[in-house]
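Participant: Residue numbers (this note's numbering), protein chains in the order written: chain V, 1 to 341; chain G, 1 to 341.
Any given hint could turn out to be false.
Any copy will do: because identical chains look the same in the list, a pair fits if it lies in one copy or spans two.
[Unchecked claim] Here are the simulated DSSO-like pairs of lysine-lysine, each with C-alpha atoms no more than 30 Å apart in a straight line:
(1) LYS321 x LYS123
(2) LYS223 x LYS131
(3) LYS123 x LYS223
(4) LYS223 x LYS109
(5) LYS131 x LYS59
(6) LYS59 x LYS321
For the record, the hints were derived by calculation from the structure and aren't laboratory data.
Protein chains: 2
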Amino acid sequence: MNRKPTIRNIACGLALLATAGAGPVFGDPTGDQTVDPLPAWNDGQAKQSIVAFVAQVTKPGSPDFVPPAERIAVFDNDGTLWAEQPMYFQVLFALDRVQELAPQHPEWKDTEPFASLLQGDVKGALADGMKSVAEIVMATHAGMTTAEFEAIVSDWIATARHPTTKRPFTEMVYQPMLELLAYLRANDFKTFIVSGGGIEFMRPWSEQVYGIPPEQVIGSSIKVEYEMRDTGPVLVRLPELAFFDDKEGKPVAIHQQIGRRPLAAFGNSDGDLQMLQWTTAGQGPRFALYVHHTDAEREWAYDRESSFGRLDEGLDEARDKGWTVVDMKQDWRLVYPPETR
Amino acid sequence: MNRKPTIRNIACGLALLATAGAGPVFGDPTGDQTVDPLPAWNDGQAKQSIVAFVAQVTKPGSPDFVPPAERIAVFDNDGTLWAEQPMYFQVLFALDRVQELAPQHPEWKDTEPFASLLQGDVKGALADGMKSVAEIVMATHAGMTTAEFEAIVSDWIATARHPTTKRPFTEMVYQPMLELLAYLRANDFKTFIVSGGGIEFMRPWSEQVYGIPPEQVIGSSIKVEYEMRDTGPVLVRLPELAFFDDKEGKPVAIHQQIGRRPLAAFGNSDGDLQMLQWTTAGQGPRFALYVHHTDAEREWAYDRESSFGRLDEGLDEARDKGWTVVDMKQDWRLVYPPETR
């Protein structure tokens, strides 16, 4: 897996600064020098709104002060913390698994969607939409123990490369969002992922890449079953959906797994809209932010028409309600972390 | 709700001591005086096994050292952290709710199990076993928003009294276990509840009473649905079970919600057996403990024949495998915290 000393150092540095205590981490506590906790963000409304909100809720004695235990921040993953084009990375993982498993499944040569996939026709295989995706996911994500699946994901994430940038997927994360995660944690926020992606696809690397431990990763899941074998107990992954963590599912999952309404929510698509609605409906100051993919040159530009990460209804509601909308092209000085090789 | 300054002070004091760093919190860091972190525990095998385990996994440089992020401790609730006789306290809550709601349900007069309940015949009402319990739970726990249910639970827990001791239920917690929770946290363990009881029945008071925040409370749950009303979004509780967190369900819930295998597990019944098996099947040192209810005088004495909290198979397996079994009568100097009134 890719080690990211730079990112971890930023987080650690901010944590040290945070021990100074009062207000958001923005200036060096010695007062001699100003340290910008969000250097990959250009100065502008988006950055200012983030810093102002953190100042508002962390200033002791202020009427809007929120105790650290209630500083919950939730982040979508695909398109919010890392890229999601040309398709969700977990779908790319599943496609790779089909190739890998094909020798054990001679019947796939004559069964769709596998037959098309094995002939390299991804579009044809996915023409059927969610039905095909679900079949591919179940065929590649179930039927093994949770420990076996974790090893498969860890191997893949350490070696696979993005089809167009050729970078490891763990370097397709957004540097400004890594800084934002670290900045919030330095201000005693507890950061959670709330993703439509699979929990067990994210947990093997979320701590190293995002600094988010497995118990703070919420996502979609398939059923698992406890089984006592001669070698001891295992949990076996079953080809059956347990929970789909998207749209209305996100506030439900937040409620079931966190049990507190978030103070701040970050997303990029209509799948995040209910999470942002639920967050901002709480009493007192709340913060909602959409990442708007406007940068065709450094990343991708898409919104109302995209099959992955469509942002349509959400964009209108964000403008109506005055939520922060990040214009990736204008607001981000950097998109990805500098290459480490 | 009952405020428990004493308990919180213990936790805080231990946390301060823990900043000394190396090894388990046991002695005053100045070296002048020995502070016992578990004063409600008599010296004996149970206490010694706890302290030895904590020393083993927290000593820097030791081959068995476990990094703080992996120090997960899971606790059953009913019969492990608080009492569960003459029946689970959540059942007592449900029975109180039936009385409260009866005026709005004239049909209950002629419908079992409600008719028997309203005549004061609890035994008759529950004669049908789980079917009756499920009907009573759904009738009293569903059909309102999550915010409304939280208020109902908070009101009840603040005012209801145990039928025989007449103490508030939040004082029917075990002082030795409160100390154990604080001791583990002071040694950088993250403490979780993993209970067959309802998540939303526990969360309104778990932080104040146990120091365990809502996001670390795992339990059984019913389905909730996101609904946009004129006044904003709400989550509505539906009369349908989402997850039953008992027996095989406990390792499943631990996996889905924590995503790490615990280092230590604490229970009191056969419903906890799979959680203890799953915990101790991990690599390296692991710890499993059963609370055995042996104290008919100060609490209750029950095990293999009890309808609530039966401990039969688990007691045999604990003895086979050398797990720690707390003999409540012998091992606990105190059972409940001193009365605050």
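Participant: Pop the pair LYS223 and LYS131 into one bin, within, between, both or neither, using alpha-carbon distances up to 30 Å.
Facilitator: Intra 18 Å, inter 25 Å, cutoff 30 Å: intra and inter.
Participant: How do LYS223 and LYS109 come out at 30 Å by Cα distance, when the copy is not named: within, between, both, or neither?
Facilitator: Within one copy only: 28 Å inside a chain, 41 Å across chains, cut-off 30 Å.
Participant: How would you classify LYS123 and LYS223 at a CA-CA limit of 30 Å: within, between, both, or neither?
Facilitator: This pair counts as within: shortest intra-copy Cα distance 28 Å, inter-copy 36 Å.
Participant: One pair to classify: LYS321 and LYS123, alpha carbons no more than 30 Å apart. Within, between, both, or neither?
Facilitator: Classified as neither: same-chain Cα gap 37 Å, cross-chain 55 Å, threshold 30 Å.
Participant: From the Cα coordinates, with 30 Å as the cut-off, is the pair LYS131 and LYS59 best called within, between, both, or neither?
Facilitator: neither (50 Å within a copy, 52 Å between copies)
Participant: How do LYS59 and LYS321 come out at 30 Å by Cα distance, when the copy is not named: within, between, both, or neither?
Facilitator: The answer is within: 25 Å in one copy meets 30 Å, while 52 Å across copies does not.
In summary, the structure is inconsistent with hints 1, 5 from the numbered list given earlier, while agreeing with the others.
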